[in-house]
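Asks: Line by line, the protein sequences give chains A and B. Here the first sequence stands for residues 1 to 221, where the numbers follow this note's numbering. Here the second sequence stands for residues 1 to 104, where the numbers follow this note's numbering.
These are calculated hints, taken from the structure and not from any lab test. Hints are not guaranteed to be accurate.
With beta-carbon atoms standing in for the labels, derived distance ranges [as the list claims (entries may be wrong)]:
hint	chain 1	residue 1	chain 2	residue 2	range
1	B	33	A	151	42 to 50 Å
2	B	104	A	14	21 to 29 Å
3	A	118	B	5	44 to 52 Å
4	B	27	A	218	19 to 27 Å
5	A	121	B	81	33 to 41 Å
6	A	194	B	103	34 to 42 Å
7	B	33	A	121	40 to 48 Å
8	B	77	A	118	29 to 37 Å
A few chain A residues facing chain B, derived, Cβ under 7 Å [claimed, not checked]:
hint	residue
9	60
10	62
11	180
12	181
13	182
What the simulated footprint calls covered on chain A by chain B, stretch by stretch (three residues with Cβ under 8 Å from a Cβ of chain B suffice, anywhere in the stretch; the number is not a length) [as the list claims (entries may be wrong)]:
hint	stretch
14	69 to 81
15	130 to 141
16	168 to 175
Positions of the beta carbon are idealized from the N, C-alpha and C atoms, including for glycine.
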Amino acid sequence: MTTLPRDTFRDALSVALTVGAYGVAFGAAGIAAGFSVLQTCLFSLLTFTGASQFAAVGVMAAGGGAVSAVAAATMLGTRNALYGLQMAPLVRVKGVRRIVAAHLTIDESTGVALAQTPRGTRSMRYGFWLTGSGVFLFWNIFTLLGALGAKALGNPASWGLDAAVPAAFLGLLWPRLTSAYLRVVAATSMAFAMLMTPWLPAGVPIIASVLVAVVFGWRER
Amino acid sequence: MSTTTSWMVLGATSVLCFSIKLLGYFIPEGWLAHPRLQRVNALVPISLLSALVVAEGLVIKTRIVIDHRLAGLAVALALLFAKAPFPVVVVSAAVTSALVYHLH
């Protein structure tokens with residue numbers, strides 16, 4: 001047994017803290033959308049995949065139906081299945097630990113694990129568990145703080161919470177736009193959502209935007 | 001939003017999102033290996049998040065509405081260009097929007 005991989009530890013912890021702190025925004029968004037403090041906290045404990053959580057409460061806040069909210073959250077969560085596919089042979093666990101590993105399989109845990117590839121399998125596995133559990137801890141603490149804070153503040157518009165939510169989505173989107181092609185996909189999706197807004201029930205244009213992803217991804221470039 | 005609806009959304013979202021995560025650990029590797037599925041899947045978060053920016057920042061019910069939220073979004077965009085960290089972006093957007101809301 002060698003010493004703990006210190007670089008991996010640093011990577012995992014800095015990601016866990018930064019992303020976890022972002023839970024404040026989700027806590028506030030949940031309250032602004034009309035969920036209770038308990039429900040908002042349960043989202044972070046049980047759903048535990050940031051973009052999907054924001055989508056579920058965001059669609060409800062926008063006046064969308066429950067089905068649209070759940071569908072948007074679920075479609076945003078599909079990438080986690082692909083992450084699990086990559087992480088399963090790495091973490092190699094059975095039973096309850098596999099359930100825990102699955103729950104901790106999110107952007108950040110997968111990202112840090114894959115970033116450790118040059119440092120070897122042990123560092124990758126360590127990065128996955130430490131980042132996953134670190135984000136889980138901080139994300140839930142900060143969700144509670146954000147929810148309590150928003151509850152105390154009152155009217156969401158008065159404190160700019162209604163702008164914090166789209167800004168949060170923009171912040172989640174931004175790091176993914178790593179090429180000109182992906183920026184075109186994003187701009188097209190935004191234009192499509194705007195065009196569809198007057199014609200579809202509230203919340204449905206969000207789901208419909210998946211068509212843009214299908215059209216762009218259909219053929220090999 | 002009624003209490004029943006909010007619990008339903010919470011329950012369904014949590015069950016479905018967890019099932020998807022679990023799926024990744026149980027299905028054979030080949031099943032999701034189709035290149036087209038992978039290409040589309042890689043783009044889905046980008047399309048959905050883009051549409052969510054629009055839906056939250058520019059829409060009320062089924063209308064495009066330009067209001068204080070757009071001022072907040074513009075500041076967020078500028079700060080993202082300037083490589084500002086996440087919390088700074090969100091808080092600045094909120095503060096800007098709140099200011100415009102009160103001045104208006």
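Asks: Take the hints in turn and mark each one as holding or not.
Replies: Each hint tested on the structure:
One distance hint, 42 to 50 Å for the beta-carbon pair residue 33 of chain B and residue 151 of chain A, holds here, with the actual separation near 46 Å. At roughly 39 Å, the beta-carbon separation of residue 104 of chain B and residue 14 of chain A lies outside the given 21 to 29 Å, and the hint is violated. Judged by the Cβ atoms, the range 44 to 52 Å given for residue 118 of chain A and residue 5 of chain B holds: they are separated by roughly 48 Å. A beta carbon spacing of about 23 Å between residue 27 of chain B and residue 218 of chain A agrees with the range 19 to 27 Å that was offered as a hint.
In this structure the supplied range 33 to 41 Å holds for residue 121 of chain A paired with residue 81 of chain B, their Cβ-Cβ distance being about 38 Å. Distance hint check: the CB atoms of residue 194 of chain A and residue 103 of chain B are about 26 Å apart, inconsistent with the given range 34 to 42 Å. The supplied range of 40 to 48 Å is broken by residue 33 of chain B and residue 121 of chain A, whose beta-carbon atoms lie about 22 Å from each other. A hinted range of 29 to 37 Å holds for the C-beta pair residue 77 of chain B and residue 118 of chain A, which are about 34 Å apart.
Checking residue 60 of chain A against chain B by beta carbon gives a least distance of about 6 Å; that is within 7 Å, so the hint holds. With 7 Å as the threshold, the beta carbon of residue 62 of chain A comes within range of chain B, its nearest partner Cβ sitting at about 5 Å, so the hint holds. At a threshold of 7 Å, the smallest CB-CB gap from residue 180 of chain A to chain B is about 13 Å, leaving the interface hint violated. Hint status for residue 181 of chain A: violated, given a least beta-carbon distance of 10 Å to chain B, over 7 Å.
Interface hint at residue 182 of chain A: satisfied, since its Cβ lies 6 Å from the closest Cβ of chain B, which is below the 7 Å cut-off. Look at the stretch 69 to 81 of chain A against chain B: 12 of its residues bring a Cβ nearer than 8 Å to a Cβ of that chain, three or more, so the hint holds. Only when three residues or more bring their CB closer than 8 Å to a CB of chain B does the claim for the stretch 130 to 141 of chain A stand; here the count is 0, and the claim is violated. A count of 7 residues in the stretch 168 to 175 of chain A with a Cβ less than 8 Å from any Cβ of chain B is obtained; the coverage claim is therefore met, three being the minimum.
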